[in-house]
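Student: On the provided structure of chain Z, position chain A as indicated by the hints.
Chains as they are written, first to last, in the working numbering: chain Z, 1 to 414; chain A, 1001 to 1414.
Warning: the hint list may mix true and false statements.
Claimed, not checked - In silico PhoX-like links for lysine-lysine, alpha-carbon gap of 20 Å or less: (1) A:Lys-1171 with A:Lys-1012; (2) A:Lys-1171 with A:Lys-1027; (3) Z:Lys-333 with A:Lys-1010; (4) A:Lys-1264 with A:Lys-1171; (5) A:Lys-1147 with A:Lys-1055; (6) Z:Lys-208 with Z:Lys-12; (7) A:Lys-1045 with A:Lys-1055; (8) A:Lys-1012 with Z:Lys-333; (9) Z:Lys-55 with Z:Lys-147; (10) A:Lys-1215 with Z:Lys-208; (11) A:Lys-1215 with A:Lys-1012; (12) A:Lys-1215 with Z:Lys-215; (13) A:Lys-1208 with Z:Lys-215; (14) Z:Lys-12 with A:Lys-1333; (15) Z:Lys-10 with A:Lys-1333; (16) Z:Lys-147 with Z:Lys-10; (17) Z:Lys-24 with Z:Lys-110; (18) Z:Lys-289 with Z:Lys-264.
Said to hold, decoys possible - Not everything, but these chain Z residues come out facing chain A in the computed CB check (under 10 Å): (19) Leu-100; (20) Val-357; (21) Thr-371; (22) Gln-412.
As the list claims (entries may be wrong) - Distance windows between CB atoms, simulated: (23) Z:Asn-93 with A:Ala-1204: 44 to 52 Å; (24) A:Asn-1093 with Z:Asn-282: 20 to 28 Å; (25) Z:Asn-93 with A:Val-1300: 55 to 63 Å; (26) A:Thr-1002 with Z:Ser-268: 39 to 47 Å; (27) Z:Gly-92 with A:Lys-1333: 19 to 27 Å; (28) A:Glu-1075 with Z:Lys-232: 51 to 59 Å; (29) A:Asn-1056 with Z:Ala-204: 50 to 58 Å; (30) A:Thr-1002 with Z:Asn-93: 27 to 35 Å; (31) Z:Lys-83 with A:Lys-1333: 17 to 25 Å.
These aren't lab readings, by the way, just hints derived from the structure by calculation. Backbone N, C-alpha and C define an ideal beta-carbon position, used for all residues, glycine too.
Protein chains: 2
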Amino acid sequence: MTVIEQMGAKAKEAARILSVAGNKKNKALNAIADALIENADTIIKANNLDIENGKNNGLTPSLIDRLTLGKDRIEGMAYGVRKVATLPDPVGNVISGNTLPNGLTVTKVKVPLGVIGIIFEARPNVTADAAALCLKAGNAVILRGGKEAINSNKAISEIMRNAIEKAGLPKDSIQLITDTSRNSATELMQLSEYLDVLIPRGGAGLIKAVVENSKVPVIETGVGNCHVYVDKYADTDMAADIIFNAKTDRPSVCNAIETILIHKDVASEALPKIKEKLDTKNVQLRGCKITREILGNDVVEAEESDYYTEFLDYILACKVVESIDEAIAHISKYSSGHSECIVTKDYNSANTFTSQVDSAAVYVNTSTRFTDGGEFGLGAEIGISTQKLHARGPMGINELTSSKFIIEGNGQIR
Amino acid sequence: MTVIEQMGAKAKEAARILSVAGNKKNKALNAIADALIENADTIIKANNLDIENGKNNGLTPSLIDRLTLGKDRIEGMAYGVRKVATLPDPVGNVISGNTLPNGLTVTKVKVPLGVIGIIFEARPNVTADAAALCLKAGNAVILRGGKEAINSNKAISEIMRNAIEKAGLPKDSIQLITDTSRNSATELMQLSEYLDVLIPRGGAGLIKAVVENSKVPVIETGVGNCHVYVDKYADTDMAADIIFNAKTDRPSVCNAIETILIHKDVASEALPKIKEKLDTKNVQLRGCKITREILGNDVVEAEESDYYTEFLDYILACKVVESIDEAIAHISKYSSGHSECIVTKDYNSANTFTSQVDSAAVYVNTSTRFTDGGEFGLGAEIGISTQKLHARGPMGINELTSSKFIIEGNGQIR
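Okay, chain Z solo, but in the shape it has when bound (with noise of 0.2 Å):
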């Protein structure tokens, strides 16, 4: 057995007890809360080894910051684990159920998963939270961070784990896996004989190769190329407010747009009004050909390979089109199914967009920013899923869990 391998062993059996832990988890939450605020400077110190060797390895300042926990963001890991703790417990409700005509009762309920991998990058406050979830649905979790944040991961798992153990409950509840190279993410994507499901967390590149190399089940998560489609029924100020919302409240988030779509008809009374508000952040505009010819020439062009583009940033594509067909076919094609948003005042628009637009957050007047597990009340999320098998848009802890029937009985026989 390979030592990943055995992990994979080791969290089977930990999901074994965890999966009938029922109030015990959230003691374990509350003790890993409490053991990260008492164990912060431990944290801190690792933290500074990562810091230093990013830098010495030439890390952007915004990784840099991504990956630096104070003190203030340790306290934020610790609430966050708090109130995890305070969800209801979704093990053991009871989905559905029924008598068949031979007397058997047929009850259909929520179990955890069982064991989960998580494969991320850089933020070393994915370790706290995403442990937390699994735990609190009686999942066992493999954690895999990025090599950049391997010290601060390290501390904060150890910490945790000690913590679950004094709390009564198998420290193998969190495993990390230390080896940073890709051949032991590799082998994770292979365990499917200790796995039940895969999350990737992180940019495009590593989501894609999980994807294509897992034979364990994945869940897909995060790429947004989202979409504003202003009707030609739009109010033009309300859809210049939600674009300048959508795009330049947090440009490098997955619910942020990418691209916006005018209908020819309000396109010279709407796009002045859109460009003069994102021309106060410096939004660079890539239009269409009757984009530059309403807004000039200032307007770089759009190529095609635009409208496919995630760009997380300060840069927006714009594309006049001659109908809501037109706008719902080019987000049928070029979406990466995350978040859309249609402005219109008539009622017929607003239905046909709704229905007819395959994503996972379909919005009417609204910016896409809403589309968070804690915007729509989920508690927690643990990622937004962008595809349609398990769980679709923002996952709480209800989609860290299977089902089960059971069938009860007085002898029948078929």
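Tutor: Showing chain A alone in chain Z's frame:
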């Protein structure tokens, strides 16, 4: 674009129309049923070709039987399709909904999965069954059946496509891959741009190959290494009846049992009763040391590998265990996670078993043969999922749907 990529693109376009087709789907299903009956002779003629080829290629009589479509089986197919039409349409059902503090309404609704790929083996009736279920849930389907049934599958799918078109829906809602080489299956497994899910239906070898090689999300179905555990507190007569039924009613199906586990305190009472019943159908027992001490050495000695095997035959492995914990640990190690049963009169034993055994269907005092979409009241079944992601246990049309969030506002920004 390859032929299969073109099929993918056409399926995606058909799926867009099907997703909002409402009651037209039922019209199409009834038209399919009518057309299957009307064109029964065409199907039988094509089927005769397959049977002839099969005999020339030395297919076993049981495979020839599976392949054969008489008038009655075609009528059965048509009846099945009509029954699917009568089921309630899951698309558009509201799963949950709430209003956020900022006034946004968030509604989670059921939507079709989109494009479903199905890879199956020699049974041509799967073509109609599977296509009907996919269509009902608003999905386009790409079918790839085995070469043994290619003429039958071609005839059935052409009849269905024409019927769908006459009913006003795109004929590409159902497509059959006529290239039955290994290449076409491999290409389908890579078609992640167009396919939302791939469902293999067939033997363990096919399913393993698809799970290991597919880039498209897979639902794993049907491998059943199922167990009956006879508890210390069992009614041993009931145990013998349940074991006899679960093993011999239809040994070739996935919900038949393959291993029995007997508590040591009842072994000498239960085993002779069990053997006496099984002997009437010449079931070969493969037992552990204690089993053979009780029943004698004409019981074959069980090897470790027997406990991993889905015999699908009149063979049953048997092990005497020290405790319910040992039984649960055995199941955890060897089971495929399909269906397991405890026979007991004890309340605690029943609860321990149902809460700790991690399989799709967990039974108390009942034959495992009931794990079936029809028996559970799902109306019809696309397969029995043995994975934990998305669906677990018998899958009906509800399991062929995904969800999306619709968020309505009046200008909210974040």
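Student: Look at each hint and say if it fits the structure.
Tutor: Hints, one by one, checked against the model:
1. A:Lys-1171 with A:Lys-1012: Holds. A:Lys-1171 to A:Lys-1012 sits at ~12 Å (cutoff 20 Å).
2. A:Lys-1171 with A:Lys-1027: holds, 14 Å
3. Z:Lys-333 with A:Lys-1010: holds, 13 Å
4. A:Lys-1264 with A:Lys-1171: violated, 61 Å
5. A:Lys-1147 with A:Lys-1055: Answer holds: A:Lys-1147 to A:Lys-1055 is near 14 Å, not above 20 Å.
6. Z:Lys-208 with Z:Lys-12: violated, 27 Å
7. A:Lys-1045 with A:Lys-1055: holds, 16 Å
8. A:Lys-1012 with Z:Lys-333: holds, 10 Å
9. Z:Lys-55 with Z:Lys-147: Holds, at about 14 Å.
10. A:Lys-1215 with Z:Lys-208: Roughly 10 Å separates the two Cα atoms, so the pair holds.
11. A:Lys-1215 with A:Lys-1012: holds, 17 Å
12. A:Lys-1215 with Z:Lys-215: holds, 9 Å
13. A:Lys-1208 with Z:Lys-215: holds, 10 Å
14. Z:Lys-12 with A:Lys-1333: The hint holds at about 10 Å.
15. Z:Lys-10 with A:Lys-1333: holds, 13 Å
16. Z:Lys-147 with Z:Lys-10: Violated, at roughly 23 Å.
17. Z:Lys-24 with Z:Lys-110: Holds, at about 18 Å.
18. Z:Lys-289 with Z:Lys-264: holds, 12 Å
19. Leu-100: Holds, because the Cβ-Cβ distance from Z:Leu-100 to chain A comes to roughly 7 Å (cut-off 10 Å).
20. Val-357: holds, 9 Å
21. Thr-371: holds, 8 Å
22. Gln-412: holds, 5 Å
23. Z:Asn-93 with A:Ala-1204: 44 to 52 Å: violated, 33 Å
24. A:Asn-1093 with Z:Asn-282: 20 to 28 Å: With a Cβ separation near 45 Å, A:Asn-1093 and Z:Asn-282 fall outside 20 to 28 Å, so the hint is violated.
25. Z:Asn-93 with A:Val-1300: 55 to 63 Å: Since Z:Asn-93 and A:Val-1300 have Cβ atoms about 45 Å apart, the given range 55 to 63 Å is violated.
26. A:Thr-1002 with Z:Ser-268: 39 to 47 Å: holds, 44 Å
27. Z:Gly-92 with A:Lys-1333: 19 to 27 Å: The hinted range 19 to 27 Å holds for Z:Gly-92 and A:Lys-1333, with Cβ atoms some 24 Å apart.
28. A:Glu-1075 with Z:Lys-232: 51 to 59 Å: Holds, at about 52 Å.
29. A:Asn-1056 with Z:Ala-204: 50 to 58 Å: holds, 52 Å
30. A:Thr-1002 with Z:Asn-93: 27 to 35 Å: violated, 46 Å
31. Z:Lys-83 with A:Lys-1333: 17 to 25 Å: violated, 37 Å
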